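Engineer: We have chain A already, so just place chain B on it with the hints.
Number of protein chains: 2
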Amino acid sequence: MVPLEVLQALAEKTPSKIVLVVVDGLGGLPNPATGLTEMQTARLPNLGALAGKSVCGLIDPVGPGITPGSGAGHLALFGYDPIRFDIGRGALSALGLDFPLQANDVAARMNFCTIDDKGVVSDRRAGRIPTEYNRELVEELRRIKIPGVQLFVETESGHRALVVFRGENLSDKLTDTDPLLVNHPIKEAEPLTPEAKHTADIANTFSREAQRVLKGKHPANAVLLRGFAKHPAIPTFEQLYKLTPAAIASYPMYRGVARLAGMEALTTGSALADELATLRANYANFDFFFLHVKYADTAGEDGDFDRKVRVLEEVDGLIPGILDLKPDVLVVTGDHSTPAPFKSHSWHPVPFLLNSAWCIPDNLPAFNEVAVRAGSLGRFPAVDGMSLMLGYAQKLSRYGA
Amino acid sequence: MVPLEVLQALAEKTPSKIVLVVVDGLGGLPNPATGLTEMQTARLPNLGALAGKSVCGLIDPVGPGITPGSGAGHLALFGYDPIRFDIGRGALSALGLDFPLQANDVAARMNFCTIDDKGVVSDRRAGRIPTEYNRELVEELRRIKIPGVQLFVETESGHRALVVFRGENLSDKLTDTDPLLVNHPIKEAEPLTPEAKHTADIANTFSREAQRVLKGKHPANAVLLRGFAKHPAIPTFEQLYKLTPAAIASYPMYRGVARLAGMEALTTGSALADELATLRANYANFDFFFLHVKYADTAGEDGDFDRKVRVLEEVDGLIPGILDLKPDVLVVTGDHSTPAPFKSHSWHPVPFLLNSAWCIPDNLPAFNEVAVRAGSLGRFPAVDGMSLMLGYAQKLSRYGA
Chain A
0 MVPLEVLQAL AEKTPSKIVL VVVDGLGGLP NPATGLTEMQ TARLPNLGAL
50 AGKSVCGLID PVGPGITPGS GAGHLALFGY DPIRFDIGRG ALSALGLDFP
100 LQANDVAARM NFCTIDDKGV VSDRRAGRIP TEYNRELVEE LRRIKIPGVQ
150 LFVETESGHR ALVVFRGENL SDKLTDTDPL LVNHPIKEAE PLTPEAKHTA
200 DIANTFSREA QRVLKGKHPA NAVLLRGFAK HPAIPTFEQL YKLTPAAIAS
250 YPMYRGVARL AGMEALTTGS ALADELATLR ANYANFDFFF LHVKYADTAG
300 EDGDFDRKVR VLEEVDGLIP GILDLKPDVL VVTGDHSTPA PFKSHSWHPV
350 PFLLNSAWCI PDNLPAFNEV AVRAGSLGRF PAVDGMSLML GYAQKLSRYG
400 A
Chain B
0 MVPLEVLQAL AEKTPSKIVL VVVDGLGGLP NPATGLTEMQ TARLPNLGAL
50 AGKSVCGLID PVGPGITPGS GAGHLALFGY DPIRFDIGRG ALSALGLDFP
100 LQANDVAARM NFCTIDDKGV VSDRRAGRIP TEYNRELVEE LRRIKIPGVQ
150 LFVETESGHR ALVVFRGENL SDKLTDTDPL LVNHPIKEAE PLTPEAKHTA
200 DIANTFSREA QRVLKGKHPA NAVLLRGFAK HPAIPTFEQL YKLTPAAIAS
250 YPMYRGVARL AGMEALTTGS ALADELATLR ANYANFDFFF LHVKYADTAG
300 EDGDFDRKVR VLEEVDGLIP GILDLKPDVL VVTGDHSTPA PFKSHSWHPV
350 PFLLNSAWCI PDNLPAFNEV AVRAGSLGRF PAVDGMSLML GYAQKLSRYG
400 A
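These protein sequence lines map, in sequence, to chains A and B. Heads up: the first sequence runs through residues 0 to 400, numbered per numbering that gives the first Met the number 0. Heads up: the second sequence runs through residues 0 to 400, numbered per numbering that gives the first Met the number 0.
Take these hints with a grain of salt, some might be off.
Put simply, identical chains are the same to the list, so a pair is met inside one copy or across any two.
20 Å max Cα-Cα, derived DMTMM-like pairs, lysine to aspartate or glutamate [unchecked claim]:
#1 LYS117 x GLU155
#2 LYS172 x GLU4
#3 LYS342 x ASP327
#4 LYS12 x ASP327
#5 LYS216 x ASP115
Since the hints were made in silico from the structure, they are not lab data. What you are looking at is a predicted structure, and each value in this text was computed from that prediction instead of being measured.
Same shape as in the complex, but just chain A (with noise of 0.2 Å):
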């Protein structure tokens, strides 16, 4: 891994402009009735074209062996190592949901949950409640006075939610209060530091009293408070690489990581075609644009392995779209695998295209995690991929005399 501060060093403003697309949860397994992955099933004529002029290998987001969650997928994607950049859940729901987080406040992730008459917890998602039942819920707890501080409570989708506290001296060092278990009961916040002792209080105090205001609900009548975090000060695009960068992603927690890492989210609609069309009208204007495709991943996670194929055949159309701009780079990779054989993102390396007119190309027949073993890029952190992306598109000055 080359260090942030060596690529901020090397880094120069160029008219070049590179494109990344992120096909969320692209890996997989092989299908037991076949042996052929997804990839390998679905019919993907332009990416196989593109494999054999470009540079393949297969990345690991975080780690071998590590599964990663989708921020820190992303965050590998850019560059930022996610294990020195751990940024908490309460930050990522806050930055999902546009959620104007100060450098005072803490945030945490609050999930709608179903306890019995003892304070157990029977259901830690509430029975996946819809999300308009949710926004009812949130403007009951939103009453909620707790001395001392101001309170924000906030819709994300489903049985999830964003709690944020804002006053003097408060701190994210304190453990959940989800027993991540069922049949256990709902858990202090307990303080990492002496200091966190006052916010502690805070989020205890908001736990019963979002009982009592649920009390008699059905089946949400009590919360879980996950991932205090404060707002994650990271280095910007601008400031580590001299990018203009554009983020054309549909859903609040994508768009939410790439502001953090400084990008201006760009207002698309969420099908595919959308997404090319905004890449299209607004590719003058920036040198860097991550492009985001969520519909892999979901059908991953539902077990959908036909969905899981047709996501990935509708990815292969957008590619002559975006050949048509151009670009001095174009990556098509994804932040983590998710098979449809496993319902889950997983471990597996996840394949990673890069094509550049300063290729020598690999000359694969298709772009597979089978296929690409066999690239030129080998296996290599995630995290990598962002000094080739600038390396290829030659943004990057000459390293020592």
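Structural biologist: Chain B alone, transformed into the frame defined by chain A:
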């Protein structure tokens, strides 16, 4: 490399089981007569079939070009970076002899040597005296008395022995007395910190007393002290990975390193069939097994190409019995290469094979130094093997939000 602190935070106790087979000195070099390595020459039908269904690669135990000692090679496979966890030679000698090193002890490797009338070293190994003669000399050295410390001297083998000083306020921050070159005098042990002055005085007194006691003996008339070390405190598999590990190894040194990592060193015969029987008998009681095969290394050190081939074929015969136990993860690798044509440990990378139900198979036709180059794991630091094993065994929770 994933920091141990991160693995520790992600590790979860689960019922899945991992079997790590370490073939000591596994990697080899081509036989000049055939151009084939020991692994390529051996008939390995079971390992070949397994490679077809597994993910493979090449590991560097310490780093590219670095020849590992056995302790370092094993520590790396257990996930401990051998550069961070630099276990002193004295401590490894003590572990290897099952010497119960206490927290206050300082141990050193002691080599018998030959000095001339002027105290200049003429042979650093005293003509590699036989072990039996070593024992006689050790008996004599045990009569040395040094005020304020208790002294232990133990035969290892050949010219090699262990000395342990037990007492208050001892330090291992000392330089060696071994000049490392012949025709140089024995050195004084020098303290590297002010606190180590007392221990340096003790070591130098012992060095002089040993010359007095051995005066007139031939060829072993003095001793060289190397690698002063206290008991290394390293976090255990239980603390780091939430594993309940067992070691199946008959040689004291490997049992010692395994115990250092908190493994239970099971009683076992030294034949491979005995080791398999031990694995079978204890399979229900642990979730991680380190099974050590010594004799490939011995044959390599002896330069006996054909005998190393036969040992590898014996290991191949072990595989069906291990697979019968249906481990969730099976790894076959080595702690370093010991090519028979080289007659010594070497720096060559070592083949690594990982089998689990969650592999995208590499479809390799064989398991050897050349075939595994096409494997999806690529070439990687051995210390990453542990996060891969934990990942494929689904013992790591998701990293980040």
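Engineer: Each hint should be assessed against the structure and marked as holding or not.
Structural biologist: Each hint tested on the structure:
Taking the closest pair of Cα atoms, LYS117 and GLU155 never come within 20 Å of each other, the shortest separation being 28 Å inside a single copy and 64 Å across copies. Taking the shortest alpha-carbon separations for LYS172 and GLU4, only the inter-copy value of 17 Å comes in at or below 20 Å, while the best intra-copy value is 27 Å. Taking identical chains as interchangeable, the C-alpha atoms of LYS342 and ASP327 lie at most 20 Å apart only when they sit on different chains, with a minimum of 19 Å there against 36 Å within one chain. Taking the shortest alpha-carbon separations for LYS12 and ASP327, only the intra-copy value of 14 Å comes in at or below 20 Å, while the best inter-copy value is 47 Å.
With identical chains, the CA atoms of LYS216 and ASP115 are at most 20 Å apart within one copy only, with a shortest distance of 11 Å there and 83 Å across copies.
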